[in-house]
Amino acid sequence: MGQWADGAGTLTVEGGEERPVPLEIAASSRARTRGLLGRDGITGAMLLSPASSVHTFGMRFAIDVAYLDGELGVMAVRRMPPGRLGLPRLRARHVLEAEAGTMEAWGVRPGVRVRVRVGGGGGAAGRGCG
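If you use my numbering, the sequence shown corresponds to residues 68 to 197, in order.
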């Protein structure tokens, strides 16, 4: 698949309940830089692409961070409180962010793969752009 564009979509975890999670896609440099800064929370998750690291400086809430490879496989999941700098993951191509505690409830853990559906359900992106 090609590169994503800023916008909305849904996220599902393969092998789980596969219930769709609202997703914001931050693909432009401007959208990735802004991320979740200045917000009090997020409904669902945000996908930063391309990305291999994140920080929580200026954030108002703790987040779960999942590092994804080029095939949208979860490499690692970390909880980050505000004011922290995450170490880059060398093979990571995308980063998924959500409010702290939600990824565990969704079944996002190392070794699983996620699916991203762009827009209102029309375009499927089962794999990443590695």
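Please keep in mind that the hints were generated in silico from the structure rather than gathered at the bench.
Treat the hints with care, as some may be off.
What the hints assert, rightly or not - Restraint ranges, calculated between C-beta atoms of paired labels, are given here:
| hint | residue 1 | residue 2 | range |
| --- | --- | --- | --- |
| 1 | Gly82 | Gly105 | 16 to 24 Å |
| 2 | Thr100 | Phe128 | 28 to 36 Å |
| 3 | Arg86 | Leu157 | 14 to 22 Å |
| 4 | Asp73 | His122 | 33 to 41 Å |
| 5 | Arg86 | Gly186 | 25 to 33 Å |
| 6 | Glu85 | Gly150 | 21 to 29 Å |
| 7 | Leu157 | Glu84 | 29 to 37 Å |
| 8 | Glu81 | Gly168 | 20 to 28 Å |
| 9 | Glu81 | Gly150 | 29 to 37 Å |
From the three backbone atoms N, C-alpha and C, an ideal C-beta is built for every residue, glycine too.
Evaluated hints:
1. For the pair Gly82 and Gly105, the beta carbons lie near 35 Å from each other, so the given range of 16 to 24 Å is not met.
2. A beta carbon spacing of about 18 Å between Thr100 and Phe128 contradicts the range 28 to 36 Å that was offered as a hint.
3. Checked against the hint of 14 to 22 Å, the pair Arg86 and Leu157 fails, with Cβ atoms roughly 32 Å apart.
4. In this structure, Asp73 and His122 break the distance hint of 33 to 41 Å, their C-beta atoms being roughly 20 Å apart.
5. In this structure, Arg86 and Gly186 break the distance hint of 25 to 33 Å, their C-beta atoms being roughly 18 Å apart.
6. Checked against the given bound of 21 to 29 Å, the beta carbons of Glu85 and Gly150, roughly 35 Å apart, lie outside it.
7. Separation of Leu157 from Glu84 is about 31 Å and conforms to the stated range, judged on CB atoms against 29 to 37 Å.
8. Restraint check, Glu81 to Gly168: a C-beta distance of roughly 21 Å satisfies the suggested window 20 to 28 Å.
9. Between Glu81 and Gly150 the C-beta distance comes to about 33 Å, which sits within the given range of 29 to 37 Å.
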